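Here is what each chain is made of, one letter per residue.
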Amino acid sequence: MYNIDYKTEIPVIIGRPSGAELNETIAAPLDKYPPRKWWIAFSVTLSMLSIGAFCVIMTLYKGLGLWGVNQPVGWGFDIVNFVFWVGIGHAGTLISAILFLLRQRWRTGIARFAEAMTIFAVMCAGIFPLLHTGRQWLPLYLVPYPNQHGLWVNFTSPLLWDVFAVSTYFTVSLVFWYLGLMPDLATLRDRTSNKFKKMIYSIFSLGWRHSHRHWQHYEKAYLILAGFATPLVLSVHTIVSFDFAVSIIPGWHTTIFPPYFVAGAVFSGFAMVQNVLILVRQYFRLDHIITLDHLERMNKVILTTGMMVGYAYGMEFFIAWYSGNQFEQFVFLNRALGPYAWAYWVMVTCNVLFPQLFWIRKIRRSIPVMFIIGILVNVGMWFERFVIVVTSLSRDFLPSSWGHYIPTLYDVGILIGSFGLFFTLVLIFVRVLPVVSISEVKAVVEGAQPGHHD
Amino acid sequence: MINMQSQHLYGITALFNTPDEIIHAANEVSAKGFTRFDVNTPYPIHGMDKAMRLKNSKLGFFALAFGIFGTIASVGLMSWVTLVAYPLVIGGKPFWSWPAFVPVAFEVTVLLASVLSVLAMIVIYFKFPNNAHPLHDTTYMKRVSTDAFGICIEAKDPLFDEQMVTEFLKSLGGKDISPIRIEDSSRVLGIKLFDPKFIFILIIIAALSSGTTYFVFNKLLYMEPFNWMSKQNKLKPQAKSNFFKDHTGMRLPVEGTVARNNFPHVQTGSMDSTGIYLHNPLEVTDKVLEEGKSSYRIFCSPCHGNFGRGDSRLRGQFPNPPTLHSDKVRNLTDGQIYNIISNGQNVMPGYDLQIPRENRWKIVHYIRALQRAQNVSEKDMK
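These protein sequence lines are chains H and C, in that order.
Under our numbering, the residue at position 156 of the first sequence is numbered 156, and the numbers go up by one with no gaps.
Under our numbering, the residue at position 21 of the second sequence is numbered 21, and the numbers go up by one with no gaps.
It cannot be assumed that every hint is accurate.
Unchecked claim - Reference listing, derived: stretches of chain C covered by chain H, where coverage requires no fewer than 3 residues with Cβ under 8 angstroms from a Cβ of chain H:
(1) 83-92
(2) 104-114
(3) 121-132
Worth flagging that the hints you see were computed from the coordinates, not collected in a lab.
Every value quoted in this text rests on a predicted model; they were computed, and no experiment measured them.
Glycine included, every Cβ here is placed at the ideal spot set by N, Cα and C.
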């Protein structure tokens with residue numbers, strides 16, 4: 001039906017744009033006044049952000065009593081959202097680090113954007129545990145520092161591991177992102193005629209000169225960072241899953257959690273990156289740089305990780321039965337048939353069934369369909385965290401201490417606010433920084449590297 | 001107009017159009033023996049290291065050193081905290097539970113190795129930030145930023161000769177060959193440390209940051225809503241409350257009820273009646289006397305003295321009471337002494353609210369023991 005030769009590598013970029021053309025395509029939007037569409041989008045996200053800001057300020061002022069959390073469900077939307085956003089962040093590092101090490105050159109078009117999304121997603125994630133601590137103005141106690149009370153943190157607690165994992169992840173992602181930006185900022189600096197912009201670009205490019213004596217170390221540093229970020233990205237969601245797996249609550253106390261969480265994180269992260277990239281390539285007319293082949297490959301990753309997640313769902317049920325532990329068995333029956341069954345079946349439908357459509361090539365390459373599936377995947381992944389957190393806590397060992405969790409409007413408001421923050425940052429990012437790495441794309445255009453005829 | 005005499009030469013640059021040309025040019029330049037030259041390209045060109053005869057980057061060793069430092073530092077800190085500074089038993093596990101240290105040790109290793117390596121690269125190898133380099137703001141830099149491939153031979157190279165280098169670059173096929181000159185005065189100098197403007201800005205920053213810090217830590221954190229739980233929805237003693245009809249927050253016991261273990265006063269009344277009706281309910285034992293002694297020491301001894309001689313420790317701040325060894329006191333019944341402890345006498349206040357009933361009887365026993373020890377009878381001497 002389709003005559004595709006999978007043996008030859010698909011060109012990363014359509015056509016052979018010159019360096020000047022690439023500069024123009026990628027950097028030109030930064031110099032123009034934002035169009036109407038951008039302002040509409042920005043006002044929507046800013047409104048969402050202000051709803052969230054209002055709910056956060058009320059939470060600060062009145063306390064956690066405004067939320068739906070109570071005994072026995074002490075972890076509600078806050079932890080669900082935290083795990084969800086950290087998961088979204090995983091795609092960026094996976095694309096920039098793991099695909100770099102695997103020499104997947106198609107990553108160049110999307111890496112910058114995915115890395116930025118990582119940073120924004122981790123920022124959104126960071127809000128929730130900080131709010132959840134209750135007295136939000138004392139976060140310094142999360143850090144082991146010598147203090148006059150002689151107090152130290154508990155190094156054997158998974159919650160502390162989380163502090164280290166998430167903050168390391170954020171810092172390393174930021175450094176990685178900045179390192180990639182440095183040559184591009186220098187290009188922008190040499191391109192602009194605006195004095196103020198030139199000053200800003202000069203400060204942040206640190207005086208980059210595109211010197212090969214620098215490129216040599218730069219490439220090494222990029223390789224080292226990719227090497228460190230690869231185990232790091234796997235460790236972060238592993239450690240997040242330890243928050244659950246190290247406890248003894250049925251439904252949480254399982255060894256499958258670390259790989260299951262990492263697969264789920266990549267799954268949801270890719271869906272989010274795919275969604276936003278579709279909007280960006282349409283908006284900036286970057287069709288030849290972020291090609292349909294890129295999106296198809298991302299869909300393949302979504303299909304693969306979706307099946308890994310589906311396998312984990314099945315395996316959880318099998319192990320519950322195989323363990324012979326009646327509490328464990330009950331938790332899983334309760335998930336599928338209990339009061340939160342609707343959430344469970346939303347999760348299964350969105351995460352396991354819909355991605356299967358990506359087996360069909362036409363759907364893999366159809367932008368509207370993949371966009372909808374991407375949204376559904378993220379809905380499903382949000383509900384996965386909801387199911388894990390809430391069903392296990394609401395009905396554990398003692399029926400006398402069962403409860404039912406109902407989120408309040410403040411919970412919903414902060415969730416909306418986190419989406420508002422994320423998309424506001426994305427919208428600002430696309431206006432002030434190049435969404436595609438200029439220097440990396442130049443390097444993968446056909447004919448950009450010397451021929452092997454020596 | 002720029003005065004050519006006041007400038008000196010930094011180097012000579014040439015531009016090339018294709019990656020193959022620049023590799024060839026770099027190869028020729030280094031083959032000729034030039035060492036102080038650089039290639040500027042919009043993106044890293046494969047094979048350029050070899051063409052420029054560059055040694056491998058040593059950055060990996062930095063990463064290794066920083067990583068090892070991170071592991072040792074984090075494991076060291078966690079061991080010191082859990083073994084020495086703050087040993088806590090958690091879940092019945094040993095103090096030094098090394099498996100729990102793995103995640104933090106890993107994260108710190110990755111953090112330090114990656115962040116410090118990049119920092120080392122920028123500071124040591126690149127010597128950044130440096131926006132004062134002669135190549136900045138030149139047409140050459142604008143071109144290599146976009147799509148041209150440039151080579152620059154510095155004047156400091158021992159083989160440098162302006163005429164010869166220009167000819168040589170031309171022979172390699174270089175275009176736009178142009179000298180780069182350094183302006184003597186402004187560029188090379190960095191920030192002037194004692195510039196009054198700079199010092200003024202420093203002072204402003206210092207004042208702002210210390211003021212903010214003071215405000216946050218001494219004022220802001222004690223304002224609403226950071227009230228440190230001092231404001232709570234509960235009634236404090238003596239507080240007014242409109243919830244109750246009498247508008248007081250404190251409640252009285254229901255009429256006619258008695259709290260557990262709290263017998264109503266029977267000792268009120270005259271000294272005579274208490275002397276007759278009240279008897280010490282406690283046996284004299286070592287334990288009772290010990291406890292009586294400690295209560296006596298706390299409540300009675302400040303005025304009556306450790307041995308009941310009326311030798312107050314208060315140095316006249318409160319009138320001295322009479323001795324407990326007078327005939328009058330020795331002839332009081334246990335019930336009468338108990339009455340005096342409970343209700344007070346003359347300037348002595350009552351202690352019924354401060355000393356529980358039992359302990360008052362213990363004190364009575366102890367006073368009897370003191371009286372007997374201080375006024376030894378013939379019988380006791382035997």
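How the hints compare with the structure:
Judged by the Cβ-Cβ criterion of 8 angstroms, the region 83-92 of chain C is covered by chain H as claimed, because 5 of its residues qualify and three suffice. Interface restraint, the region 104-114 of chain C with chain H: holds (8 residues with C-beta to C-beta distance below 8 angstroms; minimum three). Note: the region 121-132 of chain C has 9 residues with beta-carbon separation from chain H under 8 angstroms; the three-residue rule is met and the coverage holds.
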